[in-house]
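> Read top to bottom, the protein sequences are chains A and B.
Take the first sequence: its letter number 100 is residue 100 in the working numbering, and every next letter is one higher.
Take the second sequence: its letter number 40 is residue 40 in the working numbering, and every next letter is one higher.
Please note that the accuracy of each hint is not assured.
SDA-like cross-link-like pairs, simulated, lysine to any residue; straight-line CA separation at most 25 Å [unchecked claim]: (1) 44/A x 38/B; (2) 68/A x 78/B; (3) 32/A x 18/B; (4) 44/A x 29/B.
Hint data in this document are derived by calculation from the structure and do not stem from the laboratory.
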Amino acid sequence: MVAAKKTKKTHESINNRLALVMKSGKYTLGYKTVLKTLRSSKGKLILISNNCPPLRKSEIEYYAMLSKIVVHHYGGNNVDLGTACGKFHRVSCLSIIDPGDSDIIKSLSADH
Amino acid sequence: MVKFLKPNKAVILLQGRFAGHKATIVKNFDDGTRDRAYGHCLVAGVAKYPSKVIRKDSAKKQAKKSRVKAFVKLVNYNHIMPTRYTLDVDLKDVVSPDVLVSRDKKVTACKEIKAKFEERFKTGKNRWFFSKLRF
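Input sequences plus hints: build the corresponding full structure.
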């Protein structure tokens with residue numbers, strides 16, 4: 001499945017929404033905690049960077065398929081995703097537990 | 001949004017002696033217990049898979065090849081890969097956490113699980129569960 005080329009406009013809006021989640025919502029960063037939220041079905045949205053190793057990406061997608069949680073393939077690598085989260089480290093996958101004031105979940109579910 | 005680590009879920013163990021073996025969840029402990037402060041579950045699985053039976057096998061040989069050896073184990077959720085399959089065998093009354101306290105209780109529980117697994121294998125259902133995962 002080839003992801004459609006993300007236009008600059010929607011990409012920036014995802015970044016804006018992600019920044020709002022970081023400020024007002026609950027999230028976890030990193031593979032181990034993402035799997036934890038998937039197992040307990042606490043996660044509402046999973047974001048995976050594009051340079052996440054394919055085995056790990058498939059594993060997260062499989063868990064999300066079982067728990068019916070939306071997965072979004074972020075249009076950028078782990079460096080970009082870390083920057084989008086406002087962190088100074090790389091983030092390969094993250095899980096949004098509570099979006100706070102952001103409408104990121106509604107907007108991404110509408111796309112899917 | 002859907003909890004999938006429920007009893008009767010087929011899982012694959014990833015670590016330990018039974019890595020790569022298939023098992024079914026009997027009981028979940030999502031929040032852990034005092035002894036094990038992490039999410040874990042009690043699983044009953046296949047220790048030794050039944051061998052391939054061919055047409056020219058005698059009845060005695062077929063019976064011998066269709067044997068299943070079972071195990072009971074408490075496994076961390078991190079050491080488990082859930083699958084989309086389920087195995088609807090009622091093991092709740094046979095297997096409980098106090099089975100693992102003493103060795104002879106464990107052996108009798110494994111014998112009963114073995115009987116139930118063999119019975120299910122002979123019906124030809126859940127073929128995926130009783131086939132060895134090759135890796």
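> If a hint holds in the structure, say so; if it does not, say that too.
A quick look at each hint next to the structure:
1. 44/A x 38/B: Since the Cα atoms of residue 44/A and residue 38/B sit roughly 22 Å apart, the hinted pair holds (cutoff 25 Å).
2. 68/A x 78/B: 20 Å, holds
3. 32/A x 18/B: Distance of about 22 Å is within 25 Å: holds.
4. 44/A x 29/B: 22 Å, holds
Taken one by one, the earlier hints all hold for this structure without exception.
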